[in-house]
Amino acid sequence: MDDDNSNAFRRMSSRTRKVAPKMAAALGSSDNRTQAALARLEALENDNTGIEAVEMNDDDEASLDDDDQAYMQKRFKGTKRKTRQAKALENARKAPRTFLELLHEANLESLPPHVPSYLRAAVGPPSSTSRRHFCSVCGFTASYTCVTCGMRFCSCRCQNIHNDTRCMKFVA
Amino acid sequence: MSNVVVLDNGGGLIKAGQGGERDPAVVIPNCLYRPLTSKKFLHPTTTLSSTNEDLTSAAIRRPIDRGYLINPDLQRDIWSHLFTSLLHVTPSSSCLLLTEPLFSLPSIQRSTDELVFEDFGFNSLFVADSPSLVHLYESSRRPYGLVSEAQCSLVVDCGFSFTHAAPVFQNFTVNYGVKRIDLGGKALTNYLKELVSYRSVNVMDETFLMDDVKEKLCFVSLDVERDLQIARKHGKDNLFRCTYILPDGVTHTKGYVKDPEAAQRHLTLTDGAPPARAVETKKERDKLEVMEKTERKIMDLTKNEFDLTNERFLVPEMIFQPADLGMNEAGLAECIVRAVNACHPYLHPVLYQSIILTGGSTLFPRFAERLQKDLRPLVPDDYQVKITTQEDPILGVWRGGSLLASNPEFESMCVTKADYEELGSARCRRRFLH
Ligand SMILES: [Zn+2]
Ligand SMILES: [Zn+2]
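Line by line, the protein sequences are chains L and D. Taken in order, the first sequence gives residues 1 to 172; the numbers are from the UniProt record's numbering. Taken in order, the second sequence gives residues 1 to 434; the numbers are from the UniProt record's numbering.
Bound conformation, chain L alone (with noise of 0.2 Å):
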C-alpha cells in the first residue's frame, strides 16, 4: 500500500476514498437530500466503508492465494475487465446475502397480527416529533440547513467552512 508508514494521516487517507458509494448513488437520483438522508443511516450498518468491494467479492476462506491477491490488485488498477467480470459473476452466485434479503424472503407480514416476529418488535417512531438538529462542523445547536446537501451548520463561520472544504465532501 503506502510505504511511508511515518505518518498516520497519509496513511490512512492515502485509500482511495469511497465513504459511502450507496449515497453517491442516491444523489444522483430526484429527491437529493432524502436520499442522501436515507443513504447515512444505512452507512451505520457497514463495515470499513472503504473496502466495501472488495469484502462483497472475495473468497469464502479465511485466506486469499496469491491469484486473488493478484486479481485484487489489477481490479484497482481497472485492467483485466473480463477477468473480473467472470470473478464477480462467480461470486455473485455464492455471495451470502444480507439480513434485509433474508427478511423479505421470510414474508413476515404474512404472519397473523398477534405473531410476535422481528417486525412487530421494531419500537415505532417517537411519541414527539421534535428533532434536534446538531451543526456538522462543530457539533452545535444549528438552526440552518444547506441547500445543497442538506447538512446541518450553526453559524456564518461554521457556514463558511462547510462550504469551502467539506460541502458534499462525503460524496465527491
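Take these hints with a grain of salt, some might be off.
To be verified - A few chain L residues that face chain D, going by a derived Cβ cut-off under 10 Å, partial list only:
#, residue
1, LEU102
2, ALA121
3, ARG132
Unchecked claim - Derived Cβ-Cβ restraints for the label pairs, each shown as a range:
#, chain 1, residue 1, chain 2, residue 2, range
4, L, HIS114, D, HIS252, 56 to 66 Å
5, L, GLU105, D, PHE432, 19 to 29 Å
6, D, GLN372, L, PRO125, 15 to 25 Å
7, D, SER406, L, ARG131, 42 to 52 Å
8, L, SER128, D, PHE172, 45 to 55 Å
9, D, LEU42, L, GLU105, 27 to 37 Å
10, D, GLY326, L, GLU105, 20 to 30 Å
11, D, HIS344, L, THR165, 54 to 64 Å
12, L, SER128, D, SER93, 54 to 64 Å
13, L, ASN160, D, GLU215, 32 to 42 Å
14, D, GLU411, L, SER127, 45 to 55 Å
Hints are computed from structural coordinates only; laboratory data are not their basis. From the three backbone atoms N, C-alpha and C, an ideal C-beta is built for every residue, glycine too.
Starting from the known structure of chain L, fit chain D with the ligands onto it as the hints suggest.
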C-alpha cells in the same frame, strides 16, 4: 452428563467456554480481519485491543449482519478455529448451549442447526435467548431480591447490532413484549467515524481504532444543552476537549489518549450543574469565534492526532434520541415504556423496579443515570424506577448460560443429534419454545 460448551455468539464478540465455569475461556471478535501487511484474512486469537499488531485500515469480514447470522460459511470457519485451536473441544462428545438473537428467521435457524449438527456433529444443542440468561444470572446472584422472588425483570440489552427491551416473566422472555431499536455499538462506532472524518481526519476505514476511541472517551450526557455550552469553551473551562494520538506505525502501532487523566474531567460534572455562563453577549461571542478560528488553524491536518469535544457525548446520545439522526425510532426510555405496556398491567410496577442493563454499549459512563432521568417522567408517579447495571455487561449473558448448563435438568432440555436427524430443524426448534 457430557461436557457443555457455552457459546454466546454475538455480532461483535464471541464469548465461549465450559459450562459451569465463572468466566468464558475465550473472548474474541466474531470476524476475520486482514491487516494491511497481510495477504490473508486472519483469525483473531484474542480481543484485538489487547494485541500489539498494527490494525491500521484492516479489512473486516463478519458472519453476522444486523444481529443475525447471514454467512454460515464464514461462521463455520470461525467456529472451527474456536473449537479446535482455542477451546480444544471435541464437538461429537459435547453439548452446545448457543445464544441466538430474538426473532431469528426460520431460514437462519435452519442453517444454524446444520452448522451445529451436520458440520460440527455436536451430540446435542440448546438454543437460548440473551434476556432469559441475564435474568437467570441476576436472580441467582440475589436469591432474595425482587428479580428472583417475582421471577420477573425487564432486560435492556444494548449490544453490538441492536438494542432490545425484553420483559422476562417466570424465567422466560415475553416475546410479544419485546421492543427493538436498530442501534447498537456498531452504529455508534460508525457514527463516531463519520463525525471525526467530517471534522478532522479521515478514519472511515479505522474500525478497530475508532472502537478504542469510543470505549475510552465517549460518555453519556445528563444535560445535552449544558454540555454543548461547555464543549465550546476554551482552555481549562472546556471539560471535554481531549486529544487522541493516532498510531504512526513506527513507534506505536496503537492509538492512545494523550492525557488520560484530563480526559476524565467530565466526571466532575454533576447532574443539574448549570453552565458557568449560559448566555453570551455578542461581543463575547465574536471574541470566541476569533479564538476558535486561530485554534482551528493551529490544528494541523497532517498531525497524527485529533481532538474530540462534543462528539464524546453526541455519539452515545443516539441511543437516547435516534430521531436526532433522522431515524424514525423512539429512544431507549420510550422503548422500555412500550415493552412494559405490552405486558399485563399487574406486572408494570415490578418490571419498572427490575430493569437490568446488559451489553457492551451500556458501559458508557452515566448510562444508567441518564436512563433513569429520561424514564422517570414517563412512568406513573407511584411506581418506583430501579435500574441495575450488570457487574460485567459483556459477560452477563455467557455467565447466565454457564449457570443454566450446570443445572441438573439441562440435559433433558436439549435436542439431540438423533432428534435432529429424525425430526429436522423446524420441529426441533419448537422444543425450545414454551
Ligand atoms: Zn457550527
Ligand atoms: Zn452543503
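Evaluation of the provided hints:
1. LEU102: holds (6 Å)
2. ALA121: Cβ of ALA121 (chain L) sits 5 Å from chain D, so the hint holds.
3. ARG132: Constraint on ARG132 (chain L) satisfied, holds at 5 Å.
4. L:HIS114 x D:HIS252: 56 to 66 Å: For HIS114 (chain L) and HIS252 (chain D) the Cβ distance comes to about 57 Å; the hint holds.
5. L:GLU105 x D:PHE432: 19 to 29 Å: holds (22 Å)
6. D:GLN372 x L:PRO125: 15 to 25 Å: holds (24 Å)
7. D:SER406 x L:ARG131: 42 to 52 Å: At roughly 49 Å between Cβ atoms, ARG131 (chain L) and SER406 (chain D) fall inside 42 to 52 Å, so the hint holds.
8. L:SER128 x D:PHE172: 45 to 55 Å: Given a distance of about 33 Å, which is not inside 45 to 55 Å, the answer is violated.
9. D:LEU42 x L:GLU105: 27 to 37 Å: holds (32 Å)
10. D:GLY326 x L:GLU105: 20 to 30 Å: holds (28 Å)
11. D:HIS344 x L:THR165: 54 to 64 Å: The hint (54 to 64 Å, Cβ to Cβ) holds, given that HIS344 (chain D) and THR165 (chain L) are roughly 57 Å apart.
12. L:SER128 x D:SER93: 54 to 64 Å: holds (56 Å)
13. L:ASN160 x D:GLU215: 32 to 42 Å: The hint (32 to 42 Å, Cβ to Cβ) holds, given that ASN160 (chain L) and GLU215 (chain D) are roughly 35 Å apart.
14. D:GLU411 x L:SER127: 45 to 55 Å: Taking Cβ atoms as reference, GLU411 (chain D) and SER127 (chain L) lie about 47 Å apart, which means the hint holds.
Hint 8 from the earlier list is the only one contradicted by this structure; the remaining hints agree with it.
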